[in-house]
Amino acid sequence: AVDLDAYAHQDVPFERLVDALSPERSLSRHPLFQVMLNLDGVERGRVEGALEGFGGVRASGVSVPMGAAKFDLSFSFTENGRTEGLLGSLEFAADLFDEATARGLAERFVVVLGRLVDGVDRPLSGVGVLGVGERELLLGWGRGAASSGGVGSVVELFEEQVVRVPGAVAVVAGDVSLTYGELNGRANRLAAVLRSRGAGPERFVAVALPRGADMVVALLAVLKSGAGYLPLDVAYPRERLAFMVEDAGPVAVVTLTGVEVPGVLERVELDDPAIVAELDNAPVGNAAREFSLMRAAYVIYTSGSTGRPKGVVVSHEGVANLMGWVREGVGVELMRRVVASTSLSFDVSVFELFGPLVVGGSVWVVDDLLSLAERGWSASLVSGVPSAFSRVVEAGVGGEADAVFLAGEALTARDVKAIRGALPDAAIANVYGPTETTVYATFWRDGGGMGNAAPIGQPLRNTRVFVLDGFLSPVPVGVVGELYVAGAGLARGYFGRAGLTAERFVACPFGGVGERMYRTGDLVRWRADGNLEFVGRADDQVKVRGFRIELGEVEAAVSAFPGVERAVVVVREDRPGDRRIVAYVVPENGVGVDERELLLAVGRRVPDYMVPSAVVVLEVVPLSVNGKVDRGALPVPGVVSGEVFVAPGGAVEELWCGLFAEVLGVERVGVDDGFFALGGDSILSIQLVGRARAAGVVVSVRQVFECRTPRELAAAASTENVGAFEGVAGEVGALPVVSWLAERGEGVGGYNQSVVVGTPAGMGWGQLCEVVDAVVGRHEAWRSRWERRGDGRWAVTFTDADEIRAEEWLERRAVGPDVGVGVVRAAAESCRRGLDVGSGRVVKGVWFDRGPECGGLLVLVAHHLVVDGVSWRIVLGDLALAWERVRVGGVVELPAVGTSLRAWAGLIEARAAEREGELERWEGVVAGGDELIAARRVDPVSDRYAVRQSHTVSLPAEVASALLSRVSEVGVQEVLLAGLGLAVGRWRPRAEVLVEVEGHGRVEDLAVGVDLSRTVGWFTSIYPVRLPASESGEGAGGVLREVTERLAEVPDGGLGYGMLRYTNPETRARLAAHPAPQILFNYLGRITVSGETETETETDANTATDTDAVEEQVTDWLPVSGPYAVGAGQDNDLPLTHTLEVNALTLDTPEGPRLRLTCSWPSTLLTPTDIDHLTHHWTTALHTLTTTQEPAAPDIAPEPPTAPGDLNLAGLSPAEIDMLEADWKEQS
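Residue numbers are given in UniProt numbering: position 635 of the sequence shown equals residue 635, and the series is strictly consecutive.
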């Protein structure tokens, strides 16, 4: 009827209509409409016949091309009297449509007309527009591959890897790394504790932990207990956390002391001594369980349109399907080292954390994506939000990745260009999926030809996607529709929200009875190549920097602020790539609104990423003609600087003001204007850091958050570049520990650390050489040459990577499977004798090739000048990584080294003078030396390695357990040193004892940008500490408190002492004039052991003969355990430096913790009876310290110096413990 009524006005001139309506004019389109349909009622045949009546004239119609299209699409029809039909044509604008698209439109039009004629009573909703076969094509595109592979819970898949590669590294987080066996053992123990608190199927356990290894342990423990986990980000507003806890009703929360979690919950605090003791006694093995894939795995809360967050409950079936795709679609190679940067509150964390663990890869846990912009990265795969990750790579820090997975927002051509420029060899993938579909639903990998934005790809395995219209019918290629997802990845629904679940999870008309599909609310279209393209949202839900946000929830929070009459919240993108939330408010009664207080109030209700970046006060909200908010009429928020402008006072402040203005788009910035107050955010902070570095000013992203104004940043920033300290090419300054060794004089040519490593069965000699060459080529320390100078110190140069080959220092020996232990030991000792640092032979090796069916043994002996305990971890990891590439015939590309050994040594020399302020402190520690503990001091001439003896004792389990329960209060090293001081005081009565303590020496805070996580070399720091040797009136507890205070006062782990004692020429002699401590102490940390509780002792290994066949425990590219874990020994003329050397190690065994103490001494000074007396006093003192109530903790919050084991040895296999013990017994 409407159309027929319109014909009554068909004679109105078109120009008059345009003038009356006055539409917005554009050169790109017609002002009123873009599609025209014209029906010519005159029959073409009748016209031709009339013309033929004029004197036999013959006439026929001819189509005359116009040369230009008046409209985007013009459909024209004329009657055909001869066939009683219609003749139609379609004219299209060639710059908008190609011929195939236009032909498809014409064909569909004919199909629709035919169906209308066939069913005149059919409703329009029942008239399909798809052509013959097109429906089947689209449904086929939307059907992911069907697969049953990888079926099993994530726990079961993880435990398979524990059996397959127990010694492989599973998690790395800061200074801590855990193997698969260690991670499984810790998770099993915590799972048992959680079950005792009521954890089980269809119950939730909250996890509120800082990002680290314990976080991964906790997630696995919750799943192993049968419960699902509820992640709680303690940075969220208390009100939101309280709602989540009340709504989900977790039975317990895994957290730390001092972390505030709202609600009344059973707290399992991992640093609580009682919990530590309970965990120590919990079973370490996998518990028997019945597992259903339909049970809840986790619940994650997302933004809700009503202002109330909704909890998405995901089953184990969904997670298992995702892990199956990881195995089949992503592959083991890309998952071998994955960066985990996403908060647990977002489901991408499920992919990042569990994906590597089900294929034997490792997870590298970092604080967030921003942290990569500060120190760089090296990984097989890193994921993130496109806008954020592109800013990270633009920061210019540098990194390496084989693949980049991007999700959370549209992936633009600009983002791809930025990432491709920084990572030219990385595969770039665009992945898509709401939380309701278990992380990911579709996947696309860059293959070129993406256009302005990357498609979101095709469905994952066991997943189906549909692009439907409002009547749930498929739409043609190129037509926008709403995306629906079905399949194994669908979540169970919203926790406690049956109505909302029924609204979003609807019946699937394309599946079986009872099958559901999820209505995403995302608008997409099919491309001609079968990929999906994201267009936008069908509702008010938006994504900003990857965060899924319901604007209704933000509006509710803004509207709740007192004095706000009405609020409208929108997302603006006034500058390309800068999407920001802006709140428009109308105040009550025309009274103003305190914008700062409003934002603070909103921040107490919603997470930081949902807080508007600007507030605009309006007199009235603009409305369109239909009464809706006219969002196009909302004004652009102004960005102004501070109320009082303060001009910069120097060149650096002026630089920062200019950088602020450039990044934020502000005309003028004063030195006291805040970066975030001017509209900055975390993403823009990365851009700011990158531009600052390009200008020669070094600052971290974290410093931008802490020092928010140009004035503060100018004071905090550094203009130094760590790489500038490398000095002359090919040379390196002497590190303090290297100078310490030089002072020992002759006899240090064979001073070494050694390891026996398992190698894969079937590996050839050429392959091994290729692997080893790649590792040596990456680490310059293993290509170094050390020449003695006239003053006794070393000058160090480096050989180019292509000038040294494995065949020059590595020997192959073909042997049988049962090679004797003595043969292996003899080879190690031969390698030691072959070391010659002056000629560049800093590493020697022997490979025992035991045949193609048996894994080989690789003996590596490195001079201590080029290796330490952390370095071995780096080298062995690189050997394994290089083998994975060589095994498949690929090119070996090992992760880059951050700060080079040369740069670190140069930095130490450059900063040595800055430490002179510590000189008085260190002189006060060493002044006067110490009373003798033997008849004389150690003499490097007479006291050498040939007269060295050692003895090991293990503390009773109850003492070790009690001692370790005190870790949260003081630290293991503090307790051990307090006990050692008391023991020496009872053994050799005195008031104090002077001890030298070893530290790892890798102090990255020495300068901005230092990254030693992959640098191979000898970094150990050695510094003196005075310990009280007798109890004061406060008893043993007072001694412990005093030791804790003294260690807390040691700056930078004692690095400054070495710089003043050995590097600074102005202070070297003053400290050298004082007698050296007689005792050296080294605590190597706490180590979790899976499997056997004891390692082979040196005596056990030495009793095997050359022909003894031993029960081997060999894992590829890991130190062997058992008798083969032999050392290379030391040269008999190696000078000893201390009368007594003490090493301590904590072993976490299935039977409980064990504390092992090893003493070494020259037999010319002490006797075994002396050592028996000392260890007796030490164990007694430790027992007293762990059972005595000591005074209140000191006022300062001690941050104990990190022991070498606390850095990267926090989780060792029994094999690696064997290696350490062998080294202890062979070195002084």
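I should point out that these hints are in silico values taken from the structure, not numbers from a laboratory. Predicted model only: the values in this text are computed from it and were never measured. Ideal Cβ positions, reconstructed from N, Cα and C, are used throughout, including at glycine. Treat the hints with care, as some may be off.
[Unchecked claim] Listed next, with one range per pair, are the computed distances between beta-carbon atoms:
| id | residue 1 | residue 2 | range |
| --- | --- | --- | --- |
| 1 | G285 | P956 | 15 to 25 Å |
| 2 | R596 | L96 | 18 to 28 Å |
| 3 | G478 | V332 | 35 to 45 Å |
| 4 | K70 | P562 | 29 to 39 Å |
| 5 | S292 | P587 | 23 to 33 Å |
| 6 | E667 | R596 | 40 to 50 Å |
Now the hints, each set against the structure:
Look at G285 against P956: about 24 Å separates their beta carbons, and that is inside 15 to 25 Å. Hint check: R596 to L96, Cβ distance near 48 Å, so the stated range 18 to 28 Å is violated. At roughly 38 Å, the beta-carbon separation of G478 and V332 lies within the given 35 to 45 Å, and the hint holds. At roughly 57 Å, the beta carbons of K70 and P562 sit outside the given window of 29 to 39 Å.
Checked against the hint of 23 to 33 Å, the C-beta distance between S292 and P587 comes to roughly 55 Å, which is inconsistent with it. Evaluation of the 40 to 50 Å hint for E667 and R596 yields a failure: the beta carbon distance comes to about 22 Å.
Hint check: violations occur at hints 2, 4, 5 and 6; the rest are consistent with the structure.
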